[in-house]
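Sequence order for the protein chains is D and U.
With this note's numbering, letter number 97 in the first sequence gets 103, and the count goes up by one each step, no holes.
With this note's numbering, letter number 75 in the second sequence gets 79, and the count goes up by one each step, no holes.
The set of hints was computed from the structure by calculation and includes no laboratory data.
Some clues are possibly wrong.
[Said to hold, decoys possible] SDA-like mimics (lysine to any residue), calculated; alpha carbons at most 20 Å apart, straight line:
1. Lys145/D with Asn114/U
2. Lys138/U with Arg68/D
3. Lys145/D with Trp290/D
4. Lys145/D with Arg113/U
5. Lys138/U with Gln71/D
[Said to hold, decoys possible] Some chain U residues judged to face chain D by a derived CB distance under 7 Å, without partners named:
6. Thr91
7. Glu92
8. Val95
9. Gln119
10. Leu123
11. Ala127
12. Ala128
13. Arg132
Backbone N, C-alpha and C fix where the C-beta goes; we use that ideal spot for every residue, glycine too.
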Amino acid sequence: MDLKTQTGAASEPEAPTSTGAVKEVPAAAGDRDDGFTPERHVYRPHRVGLPPILPYARAVWRRRQFTFELSRTTLRSSHFNTVFGQLWLVINPLLLALVYFLLVEILRQRSGGAPFFAHLMAGLFVFYFFATAVNQGAKSVVGGGRLILNTAFPRTLLPLSSVVTAFMRFLPTLAIYAVMHAVAGLPVGFHLLWTIPIFTMIAVFASGVAMLFAAAQVYFRDLSSFLPYVTRIWLYASPILYYAEDVPERFKPILALNPLYPLLASWSDVLNQGQQPSAGLMLWGLAWALVAFVAGGLFFMSREREFAVRL
Amino acid sequence: MSGRTTDDASIRVENLSVTYRTSYERAPTLKSMLVRRGRGERTVREIEALQEVSFEVPHGAVLGLVGANGAGKSTLVRTVAGILPPTEGRVEVHGRVSTLLALGVGFNRNLTGRQNVVLGGLAAGLSRDELAEKYDEIAAFAELGEFMDLPMRTYSSGMYGRLAFSVAVHMDPDILLIDEALSVGDARFKRKSFEKMRELCAEARTIVLVTHALGSVRELCSKAIWLHKGRLAMCDEPAKVVEAYTRFLDVGESQEVLEDV
Numbered sequence: 007m008d009l010k011t012q013t014g015a016a017s018e019p020e021a022p023t024s025t026g027a028v029k030e031v032p033a034a035a036g037d038r039d040d041g042f043t044p045e046r047h048v049y050r051p052h053r054v055g056l057p058p059i060l061p062y063a064r065a066v067w068r069r070r071q072f073t074f075e076l077s078r079t080t081l082r083s084s085h086f087n088t089v090f091g092q093l094w095l096v097i098n099p100l101l102l103a104l105v106y107f108l109l110v111e112i113l114r115q116r117s118g119g120a121p122f123f124a125h126l127m128a129g130l131f132v133f134y135f136f137a138t139a140v141n142q143g144a145k146s147v148v149g150g151g152r153l154i155l156n157t158a159f160p161r162t163l164l165p166l167s168s169v170v171t172a173f174m175r176f177l178p179t180l181a182i183y184a185v186m187h188a189v190a191g192l193p194v195g196f197h198l199l200w201t202i203p204i205f206t207m208i209a210v211f212a213s214g215v216a217m218l219f220a221a222a223q224v225y226f227r228d229l230s231s232f233l234p235y236v237t238r239i240w241l242y243a244s245p246i247l248y249y250a251e252d253v254p255e256r257f258k259p260i261l262a263l264n265p266l267y268p269l270l271a272s273w274s275d276v277l278n279q280g281q282q283p284s285a286g287l288m289l290w291g292l293a294w295a296l297v298a299f300v301a302g303g304l305f306f307m308s309r310e311r312e313f314a315v316r317l
Numbered sequence: 005m006s007g008r009t010t011d012d013a014s015i016r017v018e019n020l021s022v023t024y025r026t027s028y029e030r031a032p033t034l035k036s037m038l039v040r041r042g043r044g045e046r047t048v049r050e051i052e053a054l055q056e057v058s059f060e061v062p063h064g065a066v067l068g069l070v071g072a073n074g075a076g077k078s079t080l081v082r083t084v085a086g087i088l089p090p091t092e093g094r095v096e097v098h099g100r101v102s103t104l105l106a107l108g109v110g111f112n113r114n115l116t117g118r119q120n121v122v123l124g125g126l127a128a129g130l131s132r133d134e135l136a137e138k139y140d141e142i143a144a145f146a147e148l149g150e151f152m153d154l155p156m157r158t159y160s161s162g163m164y165g166r167l168a169f170s171v172a173v174h175m176d177p178d179i180l181l182i183d184e185a186l187s188v189g190d191a192r193f194k195r196k197s198f199e200k201m202r203e204l205c206a207e208a209r210t211i212v213l214v215t216h217a218l219g220s221v222r223e224l225c226s227k228a229i230w231l232h233k234g235r236l237a238m239c240d241e242p243a244k245v246v247e248a249y250t251r252f253l254d255v256g257e258s259q260e261v262l263e264d265v
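Whenever a hint applies, use it, and build me the whole structure from the sequences.
Laid out in structure tokens, this is it:
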């Protein structure tokens, strides 16, 4: 049994798929059940194309532990040398929210008060989850150089791990928000459960965009320099520093183009207004999430066999 | 269909060619691409790293791979490992492959040896339990002591190599690919790793050894291949290949070449 799991795991029936060749299934299916028969890989030339999706997905699933371990170590090492250490995970978003709140208060010249601050915080934190995932994800493949050169494994794990890292950074901000939510006296109830599907959709969308940019980064190394600006503009175009309802009519079409708009608007409706999200917005957000995930994933997978050569 | 032949060859390479397309630029950037497009030039250059290489390695054999720098040795090993796709031809591998490519284990020098071992193992597809089981063996064999919990940037290249070797041999590989890693260990560790490799061969595991230490090729290998500019120059008994290769190097079989260069 032990042997079997190992063969399954390290044998990469999928190695060819992740690295560049068509896999030939062993002649007899019986071969695979027999733990004594070493499995056989055939590597062949490939054109740019997709590896078989199912074995690929299985390989990703089998290595899920790698994803979590990678983000855990990244997280641990990133704040290792600073005085406040892990505390930065809390201080950072708090300062960020404060800065934006002051900025917006000055620009608007009227106070939105605590409920508005709660809205801003909720939106900002979830947006920074998205932005971190995408920014880190974009660097993940290029930064994983040695691992990619030396080990055959499904490369999608690298950007996906960035999403997990971003999620772990997001978790402590939830606690900060909870305090703000209570202070602002916003309603608490079962409607808050809606945040779970909304967040899931944002995470799926983030994964798709992260995979897209991770693959693109291999070909255009300056992408990671542009990205912070892209995400900043994206932030301004999202209903975070303002309520979606307050947007002047002539800017509405721009807002509608933003894939994050339906999800962020629902997010705020649930958390801030204490309402159920509208079905229309939810479906719209779901569509964007799925499109991004499928497109990003397919683009990444069709390119990933070239990464070892390009790095 | 393949019943008979699969039994005796653990690696079969047929007419393998690998062509890289690299650009002159250090890193592909948007600006350089625009400039290039503007001038209508293409900076992409094709490098034929391997051309029509064919050979077979039987189970339990140790294949020595010699050749000058840039002869395509590492490319060949990476193709066998399934990391690089072949451009033409076919590579057939029977069994689980473990790679020890030039100082391969640590991909993040800011992480400790332990974290690197765990991440590398998980990426290779081992489960957490299997890794926990093997970790002690790996650490013991590498003899790094407390260095296992220090960031790998504090390691000497010898320690790097020892950890890499230890990880590779403890992954229970059917096929072990070793790329110029032994030259960094000290004499004692080298002897120990030779013993370990012989042990693996006795269990009918296959080893591919890329090295510039022609002495080790003679001592360890049962077969040797000499690659020259991406082509198979010779595939024969280790002694013969070493002799021909040294003659080619025009230095004669001096002690200098037999030792690690």
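- Message: Given the hinted pair Lys138/U and Gln71/D, is their Cα-Cα distance within 20 Å?
- Response: 17 Å, holds
- Going straight from one Cα to the other, do Lys145/D and Arg113/U come out at no more than 20 Å? 17 Å, holds
- Task: Assess, step by step, whether the Cα of Lys145/D is no farther than 20 Å from the Cα of Asn114/U, and give holds or violated.
- Result: 17 Å, holds
- Message: Please check whether Arg132/U passes as an interface residue: C-beta within 7 Å of a C-beta belonging to chain D.
- Response: At 5 Å from the nearest chain D Cβ, Arg132/U passes the 7 Å test, so the hint holds.
- Message: Let's test the interface hint: is any C-beta of chain D closer than 7 Å to that of Ala128/U?
- Response: This hint holds: Ala128/U lies near chain D, its Cβ roughly 5 Å from the closest one there, short of 7 Å.
- Below or equal to 20 Å on CA atoms is what counts here, so check Lys145/D against Trp290/D. Between Lys145/D and Trp290/D the Cα gap is close to 29 Å, so the pair fails against 20 Å, i.e. violated.
- Report holds or violated for the interface hint on Gln119/U, using the least CB-CB distance to chain D and a cut-off of 7 Å. 5 Å, holds
- Item | Restraint check, 7 Å cut-off on beta carbons, for Val95/U near chain D | Given a least distance of 4 Å, the restraint on Val95/U holds.
- Message: Does the closest beta carbon of chain D sit nearer than 7 Å to the beta carbon of Thr91/U?
- Response: Where the cut-off is 7 Å and the nearest Cβ of chain D is about 6 Å from Thr91/U, the hint holds.
- Item | Restraint check, 7 Å cut-off on beta carbons, for Glu92/U near chain D | 6 Å, holds
- For the hint on Leu123/U, just tell me whether its beta-carbon gets within less than 7 Å of chain D. Holds - the Cβ of Leu123/U comes within 7 Å of chain D, reaching about 6 Å at its closest.
- Residue hint Ala127/U, partner chain D, criterion CB-CB below 7 Å: 5 Å, holds
In terms of the numbered hints stated before, the structure departs from hint 3 and from no other.
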